[in-house]
Amino acid sequence: MTPANGGTAIGPTTGWTATRWAALGGIAGPVAFVGGWVVNGLRTPGYDPLTEAISQLAREGAPTHTAMTACFVGFGVLMPLWARTVARELEAPALRPVVTVAGLATLLVAALPLTREPGGTQDLLHAVAAGTGYVAMALTGLIAAPALRRRGAKAAAAASAGVGVVSVLALIGTLLVDGSGGLQRLGLTVVDTWHVVVAVWVLRRPRT
Numbered sequence: 210m211t212p213a214n215g216g217t218a219i220g221p222t223t224g225w226t227a228t229r230w231a232a233l234g235g236i237a238g239p240v241a242f243v244g245g246w247v248v249n250g251l252r253t254p255g256y257d258p259l260t261e262a263i264s265q266l267a268r269e270g271a272p273t274h275t276a277m278t279a280c281f282v283g284f285g286v287l288m289p290l291w292a293r294t295v296a297r298e299l300e301a302p303a304l305r306p307v308v309t310v311a312g313l314a315t316l317l318v319a320a321l322p323l324t325r326e327p328g329g330t331q332d333l334l335h336a337v338a339a340g341t342g343y344v345a346m347a348l349t350g351l352i353a354a355p356a357l358r359r360r361g362a363k364a365a366a367a368a369s370a371g372v373g374v375v376s377v378l379a380l381i382g383t384l385l386v387d388g389s390g391g392l393q394r395l396g397l398t399v400v401d402t403w404h405v406v407v408a409v410w411v412l413r414r415p416r417t
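Using the working numbering, read the sequence shown as starting at 210 and increasing by one per residue.
Check before you lean on any hint, since a few could be wrong.
[To be verified] Computed spacing ranges between beta-carbons, pair by pair:
id, residue 1, residue 2, range
1, PRO306, THR330, 36 to 46 Å
2, GLY255, LYS363, 15 to 25 Å
3, GLY382, GLY244, 39 to 49 Å
4, GLY255, THR324, 18 to 28 Å
5, ARG413, ASP257, 30 to 40 Å
6, ARG325, ALA303, 20 to 30 Å
7, GLY255, THR402, 25 to 35 Å
8, LEU334, ALA276, 21 to 31 Å
9, THR324, LEU412, 34 to 44 Å
Hints are computed from structural coordinates only; laboratory data are not their basis. Beta carbons: idealized from backbone N, C-alpha and C, even for Gly.
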């Protein structure tokens, strides 16, 4: 429907289009992140994903620096765009700042890669950005669970809480265990999977 003044109609169709694009970003961002460390890890001779951190793939001078940095940027840009939609669709307002922080922190990780000579100020800032993003990711499922329970989606709420618990425990493990690349991947990937599942649900959800 076109308004009488000749302007652009803004209604359910326009809103659903924006939601669809945001949900697609909620899929593409996590896929870029996980796909990035999988593919670039396989491309790097001698790289052990069970012991080495994801950020090593984007270290200055690493052969996969540019490719992994691009994956970080993709995730960092798309997640804040998805944040508003996921918070609205799950009726969980607190999700919006948390998912936004996860994305923006990843952009900082990309902007402050690990240096060739470890131990400097940039490496410290990188660790702070990475830790902030990880905490935000770990909180995602825990924040969403009560909102899902209020909607009557008890199984989804339990699964979401489980994702949060696994991510938090994996985060703690990375602080206690040397060479904890596997724990890092576990903790982040379960949340990335959560985002993809919710985004697919949004895309498939009937609209009036």
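Structure-based check of all given hints:
Evaluation of the 36 to 46 Å hint for PRO306 and THR330 yields a failure: the beta carbon distance comes to about 27 Å. Checked against the hint of 15 to 25 Å, the pair GLY255 and LYS363 fails, with Cβ atoms roughly 46 Å apart. Between GLY382 and GLY244, the C-beta spacing of about 24 Å breaks the proposed range 39 to 49 Å. In this structure the hint that GLY255 and THR324 lie 18 to 28 Å apart at CB holds, the actual value being about 20 Å.
The hinted range of 30 to 40 Å is satisfied by ARG413 and ASP257, whose Cβ atoms lie roughly 38 Å apart. In this structure, ARG325 and ALA303 break the distance hint of 20 to 30 Å, their C-beta atoms being roughly 39 Å apart. GLY255 and THR402 have their C-beta atoms about 28 Å apart, which keeps the hinted 25 to 35 Å range intact. Taken as a hint, the range 21 to 31 Å holds for the pair LEU334 and ALA276, whose Cβ atoms sit roughly 22 Å apart.
A beta carbon spacing of about 41 Å between THR324 and LEU412 agrees with the range 34 to 44 Å that was offered as a hint.
Checked against the numbered hints given earlier, this structure breaks hints 1, 2, 3, 6; the rest are met.
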